[in-house]
Every structure is written in structure tokens, then in C-alpha cells.
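Participant: Next come the chains, spelled out residue by residue.
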Amino acid sequence: MSRSVPSTAAQPSPWSRYWCSSYGSLNKMLLVVSRMMGSASPKPAGEVLLAARNFVNEASFDIKKCALHRLEEGPPVSAVLTREEGLKYYKIMQTVRRMELKADQLYKQKVIRGFCHLYDGQEACCVGIEAAINPSDHVITAYRAHGFTYARGLSVREILAELTGRRGGCAKGKGGSMHMYTKNFYGGNGIVGAQVPVGAGIALACKYKSTDEICFTLYGDGAANQGQIFETYNMAALWKLPCVFVCENNRYGMGTSTERAAASTDYYRRGDFIPGIKVDGMDVLCVREATKFVASYARSGKGPILMELQTYRYHGHSMSDPGVSYRSREEIKEVRNKSDPIMLHKNRMVNSKLASIEELKEIDIEVRKEIEDAAQFATADPEPPLEELGYHVYSGQISFDVRGVNQWIKYKSVC
Amino acid sequence: MAAAAAAVAVASTSRWLRVRAGVVEAARLRCRLGGARLGRLFLLPSAAGDGAQRRHVAHFTFHPDPENRQYGQTQKMNLFQSITSALDNSLAKDPTAVIFGEDVAFGGVFRCTVGLRDKYGKDRVFNTPLCEQGIVGFGIGIAVNGATAIAEIQFADYIFPAFDQIVNEAAKYRYRSGDLFNCGGLTIRAPWGCVGHGALYHSQCPEAFFAHCPGIKIVVPRSPFQAKGLLLSCIEDKNPCIFFEPKILYRAAVEQVPVEPYYIPLSQAEVLQEGSDVTLVAWGTQVHVIREVASMAQEKLGVSCEVIDLKTILPWDIETVCKSVAKTGRLMISHEAPLTGGFASEISSTVQEECFLNLEAPISRVCGYDTPFPHIFETFYIPDKWKCYDALRKMINY
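Which chain is which? The protein sequence lines are L and C, in order. If you count by my numbering, then the first sequence holds residues 1 to 415, one letter each, in order. If you count by my numbering, then the second sequence holds residues 1 to 398, one letter each, in order.
Treat each hint with caution, since some may be false.
Chain C side only, calculated, beta carbon under 7 angstroms to chain L, not exhaustive [said to hold, decoys possible]:
| hint | residue |
| --- | --- |
| 1 | G121 |
| 2 | D123 |
| 3 | N127 |
| 4 | P129 |
| 5 | L130 |
| 6 | C131 |
| 7 | H197 |
| 8 | A199 |
| 9 | Y201 |
| 10 | T371 |
| 11 | H375 |
| 12 | F377 |
| 13 | F380 |
These are calculated hints, taken from the structure and not from any lab test. No residue lacks a Cβ here, since even glycine has one placed at the ideal position from N, Cα and C.
Chain L on its own, in the form it takes in the complex:
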């Protein structure tokens, strides 16, 4: 992934933030330990230093081959992961996971209200995609957006504050869970499937402005049956738009499994005349390599391409859905034990000596602290001022007096 120059967005991307925090602390730790090594007895910290010196800088992994539709060749079957990248992905995935679990907790405490759709289990998708694209590329997704919002650069504080509806939130508390936006990230869309034609439009703008940028338009397996998706496939292919359609297939469209909703569950083939690949969405490296492949396809001007990510969500569709009336607890447990993206990534890192368990544990602790702070902020921040109710309906509009019965009658308190 190319290192980005900080964009004009207020928040630095999680990538650069990671640099400042984790590596800084690792360096400090090494410094302390080296001083201690100078003294007589080797302390346990010395073992860590020894182990640190034994890390490899990069390792190569075999990844699953992707099924192809209308393509001669697909993404490579092996990927190289550097230590730095590995730690980065781990931290971001862990942050998304913990953030979603914290949102679950806050929802149960009724601090967050409304509808909240959690992304845990699907972290590899947002991290893998973000790892392979530039910050100048565009992403638009549906309502299960918290993971992408973080990956695209918003801080946990802003996300949690938006969930609780406070003024520190990214949409000033006016949007809530389903409507989070930042630079080159267009949300966050509540109506199923509505974001796909919008994504094609963004891609058209990229092509028109000749900026070599592409647009990743995400939707789910439920949305794949919406009419507007097919309308968009047609337009994108006709005009060869640099649009990558990504179907995050988490096997359930709310309470309906894919077999019961779709005549063809090969979502990567549903683009028909649009080439497609099917990717293991629980493996962050698989997602990354596949994204690199589709991104270069889209950038080459050959037109749109479809990527199906086979993934899974642990929570129900939303917080009002327990998630077990249409699937068994055993199924969820099995996925957690066998294909959890964070666990797979961690095992890879540790087994190939890219990192140690202790190091990853330290990252966990840091992440936990960050989330706690953010939750504190989100709970304590005040709500947006009442005038915001009337702002932003139209451009440049003056708000109205919210106290009155009728918005055009000025409220008079004198009887």
C-alpha cells in the first residue's frame, strides 16, 4: 500500500496514527530494556528484546485461489506480509472489533438508540480493501458502515459520538449509525441498494475528471436482489466506469439466508457481462490481494468488475435482532473458532515469527484504552444545539424557531 500524504481531512488515517502510537511505545520499551541489559541479571524484559531481535521482517503466505468469472487469470495465490503491515492490520481489525463490541454494550445501556448494525466478524473486508487502495479512491457502502468509517480515517471518538447522537459525532449527531461520512467515504446509507447507483455516479465523476481514482461500491447479499443493482451493472458496463462492485456476502440478508433469497448465490457471477471474482473475506491477505487485482483492473479503463467477499457477521442484522432465530449458535461458534479474521491473522503472524503474542497483547491493551476513552467522550459530549434540527435541509438555509407549533409562526411566550 502506498504511504499516503495526509489529506486535508481533519483526522490522520489509522495507518499514520498507528505509526505514532504503537511503534513509539515499542521503541521506548526497547530503550528501557537495553539499559536494563547493561545491568547484571537479565530480566524478563530482556527475553522480549531477544525475541524482538528474532522477528522476521516479512513472510510469504499461501492464500486461497479465487473463483473467476469471465477472467483469464485472477489474483496471485501467495502474498507477502511485512511485519509492519501485519501489526497495522492487526491493530485496525482489533480496534474495529472492540469498537463494535463497545457499541453493543452502549446500545444495551440505552446510551445508543435507534438502529445499530454491527460489523464484527467482517473486519478483514474493510481492512483488506483499505490496505490495497489509495486514500484518494472512493468508497461507498450500506448501513453496516462502522468498520469502513474507521478504516477510511475517522477516529473511534467521532464514530461513537455519532452513534450516541452528540455534537462531537462526524455528522454532528444528526445521522446516527447509518450515516457516517468522511473524505472520499460517502457513507453510510440506510436504504438497501440505494448506494449502488450513487457509487456508479462517483465512478463516472472519477473517469470524467481523469483522476485515475476508482470507486468501491459495496452492498450485501440481500441488496444483490434489488433492481437498481442490475440497472447499475448495465450503466457501469456500458460506459466502462472505473467502478468496483463489492458484494459483502455474510450469508444472511437480515433473517433470510442466501439460498432462500437468491436464485443464484454465485454473487460474483450476477454481473453477467461484468467479470467477477469470489474471495475469502475472512482472510485479510486474500482480500488485499484481490482488491489490488480488481483495483488495477478498474484503473486500466477496462470497465467495472465485481468482487464477492465471503464473510460472516457474529451479531444479528441489527441490535434488535438476536441473530439466532434463523441460524444456530453452533454455526456462529464454528465460524468464530475456525475462521475468525483476527485469530487467523494473529496465528499467521505468531507462527511465522512476524510478531510475538506479548506484542499483540500490548496492542490489545492500547486498543482497549482508546475505545474506553472514546466511549467516555461519546457518553459525556453534549447533544447538538436545537437549531441543528432546521439546518441543512437546503443549502445555506437559516434555521427556524423550534419552539413553536408551526415553523412559520414565531412562538410568543406571552399569553
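Using the hints, position chain C against chain L.
Facilitator: Only chain C this time, still in chain L's reference frame:
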């Protein structure tokens, strides 16, 4: 004497400001504590009430109607159970009736179709994929071919992809074919209205969009007893009907509802309470709000209000409303949907045509603001009883 008048003015102003302050406090406390949970207490907030009472208050209080024994044995049901009962009766009586929609098979997201698939089989109660336009188009096809189609749209906010099918196909079928074909067997059900935390896409009231379309009927019940009777009438009715169910009442409204089928006629408004000074018109959840406003007005102002539940939005019962306004001379209409272009404007326009010389004050519309339904600002957006009360006072003092 000037001092006395000033004292009265100050006293009433300060009383009003205290009331206002109480409302603001209540609302702020509600926001902070996360608002009402369905199914919990429905205590009225007193103007200077204490924090414990204000904690779990919805913006209305549901008053069940007295038990109606004329249709046989009754059972305690809430709104979603009364809907299930109505659907059960329909499927039992009409062998061509089918129910379909997103996730209806396991019972639906609001449990309106629980048990029906087991009872009537998967050929009659089945899930559709996620495609509202497809669901309604498909329903029109079933109805045109002579069967009874009961389609569910998961939330009224999602009905817009189906707008074309409803307005251009369903509403015009009979007209354009010269009565050769019709899709009268189609009934579309959708949860409707604010729910306390729905935000932009789970709280909308789109009846006004469809009211502009001749050829369909739109019905909104206020309670379980009404819901079952009206839904059965919609299913029987030989015109395509849209039945909006106030989702905040699904568990909150509990009443004695007859087990056997019964029919409440469409296009007939109901006068819930007779009065002589002001007519209040609303539908769905808002009926309960204006009922409370009526009792507040009686208590604080000595004003006698006539409360009307419109029930059917299209075609609406012009006669009942106009007769009432001719008697009282004042009209207030209230709905959650935004003010501009809301159905209150249609009622207002017709009433001023028919009852111009009877009107003592301008017709008052207490509605939502012209903004999308807000996320965090819901308490301020909805036309609660204080806003209605304020409008009523202005009308009385006009």
C-alpha cells in the same frame, strides 16, 4: 387595577413559562436517559414532575376503548397480535389468500405473522427477496389474476421503490382497462410512524404521497380493535389498499379484541368524543395525543373538544369532519408527517371550502417540521400534546 392586571399577566406568563420549562426539562431528561421503551409505563409528565416519573414516558398515552362484545368472544391482544388474528381469519376464510414480504415466514420483524406459516403452509406464507418494487409488482399480478394478495413492506420508509408500481400500476388498473381487470385483491401492509428512536428511515409517515393518487385506499388504525376490523375490511375491499400500522403501538396498545372476524367500514371517520368548541382530527398514534389534549383543554380552559379519528385517509370522510366543524367552528388537524403537503393541508382546504362561514378561527395544523425525520431531535420534531395544546389555545383566543 393596573397592578392587578399586571400581576395576572405575570402569573399566567410565569405559569406558562414553568410549563414550558417542565416540557424542556422532560425532553432533555428523556434525551439523556435514552427515551421511552415500548411496553413500559406510560405516566403523564406533570408540569413540575420529578425525574423518576419522567424517565419512561412516550409522547402519548394509549387509552384502550371499552370492550366491544357485539362480535362475540374477545381476547386480550396487542396491535401485532390483532394483525395476526386478522390475517389468520383471512387465510382461513379465503383459500386464495397469500401473505408475502421480507422475513414474514418466521413471523416478521414485528411478529405480525407468527404461526401463520406453520398453520397454512409455505405456499401461502412465504418470504420474498429484498425487492420492494418486485414485491408490489408481484402482488399486483397475483391480485389481477383473481387471488388475494397481502404484501408486507417491512417499514413504510422502504415503500418508495414500490411507488411506481402502486401509483402507476395498482391505482390505474381498473381505470385503464375499463373495468376489465383490477387488482382489488391487493392489500399492502407497512409499519408506519415514529417509534421513539427510529431516526430518518424507520419513522416516516408517507400517507400524503399516496393520498395524491386516486384509485387506492389508505387506512391507518389507532388501536388493536380498530386494526383488525379495518385490515379485514381492506382485504375484503375490491380496491387496492395500503394499511399503515403505527409501529409504536405494536406492543404498547393492548385491548380486548374479538377472536372472530368482523369488519369496520372504510371511509368512515369516528367521533370519539363529542364537543362543542373545537374539532380535533388525527389518525394513528396521534389520536391518542389529541385525546389527551382534549382532556387538558377541558380541565384547564373549560373548552369542550370534539375528537375525530379519520381512520381512512383516502377516500376520507368529508361529511363527518365538515358536520363537526359546522357545529364547533374551529378545526385543528395533527399528524407526524411534515407540514408542507401533509394530509392536513388537504383536509384544511376542503373544510374551508365547505364551512367557510362557520369558521371562527383559521384552521390549525400541528405537524412535523419540514425536515427529514431527525435522529437525536425526535422529541422536538414530533407534534406532541404541548404543541397541540398551544395551537388550540391560540384558536380559542383568536
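Participant: So, for every hint listed, does it hold in this structure?
Facilitator: Hint check results:
| no. | hint | verdict |
| --- | --- | --- |
| 1 | G121 | 16 angstroms, violated |
| 2 | D123 | 14 angstroms, violated |
| 3 | N127 | 5 angstroms, holds |
| 4 | P129 | 4 angstroms, holds |
| 5 | L130 | 4 angstroms, holds |
| 6 | C131 | 5 angstroms, holds |
| 7 | H197 | 4 angstroms, holds |
| 8 | A199 | 5 angstroms, holds |
| 9 | Y201 | 4 angstroms, holds |
| 10 | T371 | 5 angstroms, holds |
| 11 | H375 | 4 angstroms, holds |
| 12 | F377 | 4 angstroms, holds |
| 13 | F380 | 5 angstroms, holds |
Violation of the numbered hints given earlier is confined to hints 1 and 2; the remaining hints are satisfied by the structure.
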